[in-house]
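One letter stands for each residue in the lines below.
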Amino acid sequence: MVERRLEENAQPETLSGEWRSLVNDWSADREAFPKVSWNKTMMWIFLLSDVFVFTLLLVGYMAVRLTTQEAWPDTGEVFALTIMGHDFPLLLIAIMTFILITSSGTMAMAVNFGYRRNRKMAALFLLFTVLLGASFVGMQAYEWTDLIQKGVRPWENPMGAPQFGAVFFMITGFHGLHVSIGVIYLLTVAIKVLKGDYDRRGNYEPVEVAGLYWHFVDLVWVFIFAFFYLL
Amino acid sequence: MVTVASADAHEHHEPQSFITKYVWSQDHKVIAIQYSLTAIAVGLVALVLSGLMRIQLGFPDSGLVDASSYYQFMTLHGMIMVIYLLTALFLGGFGNYLIPLMVGARDMVFPYLNMLSYWFYLVSVLVLMASFFVPDGPTGAGWTLYPPQAITGGTPGADWGILTMLLSLAIFIVAATMGSLNYVTTVLQARTKGMTLMRMPLTVWGIFVASIMALLAFPALFVAAVMMMLDATMGTSFFMPAIIAMGQQLPHEGGSPLLFQHLFWFFGHPEVYIVALPAFGLVSDLISTHARKNIFGYHMMVWAIVIIGGLSFFVWAHHMYVSGMNLSFGFFFAISTLVIAVPTAIKVYNWILTLWKGDIHLTVPMLYAIGFVVTFVVGGLTGLFLGNVIVDIPLADTYFVVAHFHMVMGVAPILVVFGGIHHWFPKVTGRMMNDTLGRLHFWITFLGTYVIFFPMHYLGVLGMPRRYFDYDYEFIPQSALDLNTFITIVALVVAAAQILFLYNMIWSAFRGRPSGGNPWGATSLEWQTPQTPPGHGNWGPAVPEVHRWAYDYNVPGASADFVPQTEPQRGPSQGHGHGPEQPGEKGHS
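Those protein sequence lines, which keep their order, are chains A and B. In terms of the working numbering, the first sequence opens at residue -10 and continues consecutively. In terms of the working numbering, the second sequence opens at residue 2 and continues consecutively.
Everything labelled a hint here was simulated from the structure, so no lab data went into it. Worth double-checking, as some hints may not be accurate.
List time: in silico DSS-like cross-link candidates among lysine-lysine, alpha-carbon distance up to 25 Å [unchecked claim]: (1) A:Lys24 - A:Lys139; (2) B:Lys194 - A:Lys29; (3) A:Lys29 - A:Lys109; (4) A:Lys24 - B:Lys194; (5) A:Lys181 - A:Lys29; (6) A:Lys109 - A:Lys181.
In isolation and in its complexed conformation, chain A is listed as follows:
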């Protein structure tokens, strides 16, 4: 840990405060982001790449929504849940969104407990997150079944533009895949926490790295919710 900065004093005097520390970091030897591990760096860069994947999927959705000749179905009606004879527009999606955002909270708690070296609580909150994520995937499966029963297919859609079905299955499928991978990933991390792997290593950072991924998946859902379900 000695001599991390090579040339602290070589910077121009005109810079001060945060700018100076930014320049120091970037002009430093060894690491452009000191105190950030290789794993965390890689996860951030990977997520940046994944941002482009989801952005382009959403842009593709917007483009075909503009070009299709038939009317786009009203998502409020399509995704309505009928309870006791009343239609609640987007109710299921609202619950799913709520669950996923809650899971971000439990994930943050798990990271927090990890850094406090509270093995049991960290594992507990990780398992909470896994449970919430799995229930999200379950509801998505229900939503898919529901739409398929209404006759929506990737290639056709009785309620209007066929692209609605295509986009729906592609985007929610791709996001659901991310959530499912996340559930497995978090489960693995939770097992490692329980086994005490990170206690022995003296470092709970893998929990945080997994958390980065999970928060990203949640954030992407917010955009999908906004652009696909609300608009």
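Keeping the supplied structure of chain A fixed, place chain B upon it in accordance with the hints.
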């Protein structure tokens, strides 16, 4: 101890058996060689395909190639050369070998991921090659794979061919992502003591920025590939408008073929620079080393690389002026395209000013480097024609375009590949490549490519359309056929001359003159390894410490005409390598 991740903190076990050492290897040097050899092998396939196409164009009556095969060869030639050869070779080959050695790391930060990256790449190549054996052969949609024709009947390989192609691309993207994550993280976080970002050799800068671009551009191709796969298999209509083909209404409607073109070129144009930026970096180091002079305007060179990388994400639609896109966009994209000429010109001027009054050694790598600069200028100038909407419209889809992109992103980067292989071969094998064979190969290749591609500009202006299997020489003058025959003969000679290079590489690897550790008298870290070729872990017991930039050639008062990066600075300012004694910043070269 979050920041435990320094290069020394990792235990490096030397692999013992042949399998772990050369096959399932996690050593970046072995992976680099695996990547390079695979890329060269698949590149040879593409070279043969281009020869077959040229035979058809030069001798239309030969009957060697039928129309379907011609389109299939054309598609595979383009795709292989751009992605499976150049991208893989620059990032997976040169990037893997040079990044850890040049920044003073013991290996890539994630060796296992690095190994996976290669094996995914190999699988993608095998899937691509498998497309030659599927029922309808490989896709003949052109390397841009434009829908709707890519997946409608009548196009060769519209069933199986296009699916294997898309699948192979998707696997390649996974491989490239794993590789690029490694390269970027290694450059950012695993440099040795004293190696600041602004002391990195330009090779590392070029590959670094290209890797970031790969991470941001390949998602577009991935998304496009997924959507097209759904269109082809599930009957969705992302890219497919309502079409009547062979008198039948196809089961598609309402899609947007333009969307594919936008997605493809949002990947495709950065892809040009994913290939070009590493070439820029390599060539800068080649020129500086063999002209025994510090690179002119190092900071400018770095910023030019970064700015080109950034700008290249805002120019994609200049490939689409004639696509039916709203032409008002065309003028925006024409401007952004021409703006890229500024940082590019800075780089060219800096290469020339590096050569200016240098102690130029006309070694084989230097010949290739100069060849690159010349070729890049020629190809870049025709880019100015095509970047302008009004000039592009008559020239679009003619041989002028073929000549342009072959010069600027075919021949030019390949010359750098040859130069780079000649330059770093001694480090990889411990032996020099044969000089006479190298020179012979250089002159045949360099002059040959001009004889091949210069006349194509003329053919383009004559109005000869590209991607035609055969021409009715009524509307193009008969002389065009003679010119095509001439080009074909030269192309076959140049293609055959590549055997010289292959032979040279194989022969020199076993029989070449032993080179010693630093045959070129170069300054950068990879030449200062204790062993040549570098052993596992690269640096022996201690990683090197860097005290200066990579371009201290012919420093006044120094004992040799180069000062390695590991050499401590003299005088009171020791340890302040960014300080006053750096010649590049003071400009007293």
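Going through the hints against the structure:
1. A threshold of 25 Å between alpha carbons decides the hint, and for Lys24 (chain A) with Lys139 (chain A) the separation of about 53 Å lies outside it, so the pair is violated.
2. For the hint linking Lys194 (chain B) to Lys29 (chain A), the alpha-carbon distance of about 21 Å falls within 25 Å, and the restraint holds.
3. A hinted pair counts as satisfied when its Cα atoms are at most 25 Å apart, and Lys29 (chain A) with Lys109 (chain A) qualifies at roughly 23 Å.
4. For a cut-off of 25 Å, the pair hint linking Lys24 (chain A) to Lys194 (chain B) stands: about 16 Å separates their Cα positions.
5. Distance restraint check for Lys181 (chain A) and Lys29 (chain A): the Cα-Cα separation of roughly 18 Å lies within the 25 Å cut-off, and the hinted pair is therefore satisfied.
6. With a C-alpha separation of about 11 Å, the suggested pairing of Lys109 (chain A) with Lys181 (chain A) holds against the 25 Å cut-off.
Of the numbered hints given earlier, the model fails hint 1 alone.
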